[in-house]
Amino acid sequence: MKNWMGICVGALTLMLLAGCDGKPDAMQPVVLNPERTELYAASCKTCHEDPVTGAPQTHDTTAWEPRLAKGEDKLLDNIVNGFNGMPPLGQCIECTAEDFLTLTHFMAAPSIASLQEENEEKESQ
Amino acid sequence: MLSRRRLLQYAASASALAATGAIPAAISDAFAAEEGAKRVIPWKNWSGAQSCTPALRVAPSGEAELAEIVSKGATPIRAVGAGHSFSGLVPTEGTLLSLDRMSGLVSTDKAGGKATFKAGTRLGATGSLLAENGLALDNMPDINKQTIAGAISTATHGTGSGIGSLSTFIDGMRLMTASGEAVDIDATKNPELFQAARVSLGALGIVTETTLKARPLYKLKKRTWTAPVEEMLEQAPELWSKHRNFEFYYIPYSGMTIGIINDLTDEPETPEPVNEDDDGLRQLQQLQDWLGWSPATRRWVIQKILGGMEPETRVDYSHKTLSTERNVRFNEMEYHLPREAGTEALREVIETIEMNDVEVFFPIEFRTVAPDDIWLSPFYKRESCSIAVHRYHEEDYTPYFSLIEPIFRKHEGRPHWGKLNTLKAADFASLYPKWQDFLEVREGLDPEGRFLNPYLRDVFGVEA
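Chains Y and E, in that order, give the protein sequences. Under the working numbering, the residue at position 84 of the first sequence is numbered 84, and the numbers go up by one with no gaps. Under the working numbering, the residue at position 386 of the second sequence is numbered 1386, and the numbers go up by one with no gaps.
One or more of the hints may lead you astray.
Straight line, CA to CA, 27 Å or less: simulated DSSO-like cross-link-like pairs of lysine-lysine [to be verified]:
1. E:Lys-1110 with E:Lys-1221
2. Y:Lys-45 with E:Lys-1044
3. E:Lys-1320 with Y:Lys-45
4. E:Lys-1110 with E:Lys-1434
5. Y:Lys-70 with E:Lys-1044
6. E:Lys-1219 with E:Lys-1114
7. E:Lys-1213 with E:Lys-1381
8. E:Lys-1044 with Y:Lys-74
9. E:Lys-1189 with E:Lys-1221
Calculated from the structure, these hints are not laboratory results.
Construct the complete structure from the given sequences, taking the supplied hints into account.
Below you can see the structure in the form of structure tokens.
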């Protein structure tokens, strides 16, 4: 937990643009804490960073938009029961409901890098 | 009540959103997430057919933590692996244990031809970890999502008439027993336990590390072709004798098969092809839906499609050619039969499906596995062939599997430990010459049955 807080403090400037491990809204990047970063790397990343799997890719906001529109209850149902190619629980055995929702919002949101690029573009105009 | 952690998160979200002017909506969403997050969620296996709501779900990061859990945690204590077992090995109302935090390569011994992994390492990860060290496993199963512990505990296997299951690759292992004591096991330190623990269904304890035999990194030339089923069945004994890895799939209601062989090569790698297996399955499902009423038309269409397929060749490192990405979920029953009974049994399976108009589109898989001397290995002292039937995960598998299982049993088949079957303790006792020996070792290590869930009590004939 100390690490998580440390990262949040360190990322304070980014937080002006990004939420930290919470669920601000679909257009705000989400910063995962170290525990959830591990969960993401061990489970979600396998498919959500491999286009061959057909899964909506991490930070592809267009692909995630219709999924988020289903609402959190439906999203959680789909995660628990599996949906299309995704196995139940997305293969994350230890994830809690809170973890699942946060990880989903992390994947559905734009990346910090993309938001930074966008801002730089705006500044240069 | 909101935890301090959650409040911090909401505060961070609010800070973030201050710039957007969307604070009220965001805070509202965040609290909605908290409500959703209160849901108690069950565990389900990959196919969704097995489920449970354990009192405790834990993922220890090391042996000290694990020792506390196995000696004091709510029982039954079951390790889940990757949830790829179709049988009832995992469900528990007690402690569900994940080894996801106990994974990774520990060490390699290139000269000695072995590598030690933490037991929660996924099979799919072993390929690149070993390749970086110039090593590779002798074989891989078709699916590589399983953990090493889960795969060896159920005698998971690939294909190859001269290659054993993954359990035969074990050179040594470390087992956390019910008392919380870790035991090192190999052929010399604990020879009897070595025979029992290499395939143990998670009933002797929790495997924490395994040292696997490995060989210098090697490439395989994979060839895929189609052939009429009778031609494939006639050629099968020659194909499994001549080639390192041979398997084939029968497409139901088609009279056609797809054969796959892998042989050692030094040829340069070829580009990785697009995996079309999932699309192929969806097409077969559509054909079943559209033409299920007319088997002759369905057969004609599938034959036309397969007849137009050119043989394919691919060269790559073994861990890339032997496993396949499977994204269409299913339930599965697989039996391991005496090798000589294999082709005859498959003929009976095909005839039974097509005579009874069984609604199925999943191909039937035929593989071969070498014998071993592990007490609960389905390949115990028997050259085997494996026949697997699959049913789409949204469909009821019982009518189909109950028609096919008697054929497997008639040929003295032993079921894959991680796959569906209806056998009971007495059946297993008659199929496994070392059954009683295993039961005695289990009783000695875990007299209270801390690792036994209802399914395993049924399998071993141990009352609650």
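Structure-based check of all given hints:
1. For the suggested pair Lys-1110 (chain E) and Lys-1221 (chain E), the alpha carbons sit about 24 Å apart, so the restraint of at most 27 Å is met.
2. Of the supplied pair hints, the one linking Lys-45 (chain Y) and Lys-1044 (chain E) holds, its CA atoms being roughly 20 Å apart against a limit of 27 Å.
3. For the suggested pair Lys-1320 (chain E) and Lys-45 (chain Y), the alpha carbons sit about 19 Å apart, so the restraint of at most 27 Å is met.
4. Between Lys-1110 (chain E) and Lys-1434 (chain E) the alpha-carbon distance is near 34 Å, which puts this suggested pair outside the 27 Å criterion.
5. Our distance criterion of 27 Å between C-alpha atoms is met by Lys-70 (chain Y) and Lys-1044 (chain E), whose separation comes to about 22 Å.
6. Restraint check: the Cα-Cα separation between Lys-1219 (chain E) and Lys-1114 (chain E) comes to about 18 Å, which is no more than 27 Å; the hinted pair holds.
7. For a cut-off of 27 Å, the pair hint linking Lys-1213 (chain E) to Lys-1381 (chain E) stands: about 20 Å separates their Cα positions.
8. Our distance criterion of 27 Å between C-alpha atoms is met by Lys-1044 (chain E) and Lys-74 (chain Y), whose separation comes to about 17 Å.
9. For a cut-off of 27 Å, the pair hint linking Lys-1189 (chain E) to Lys-1221 (chain E) is broken: about 39 Å separates their Cα positions.
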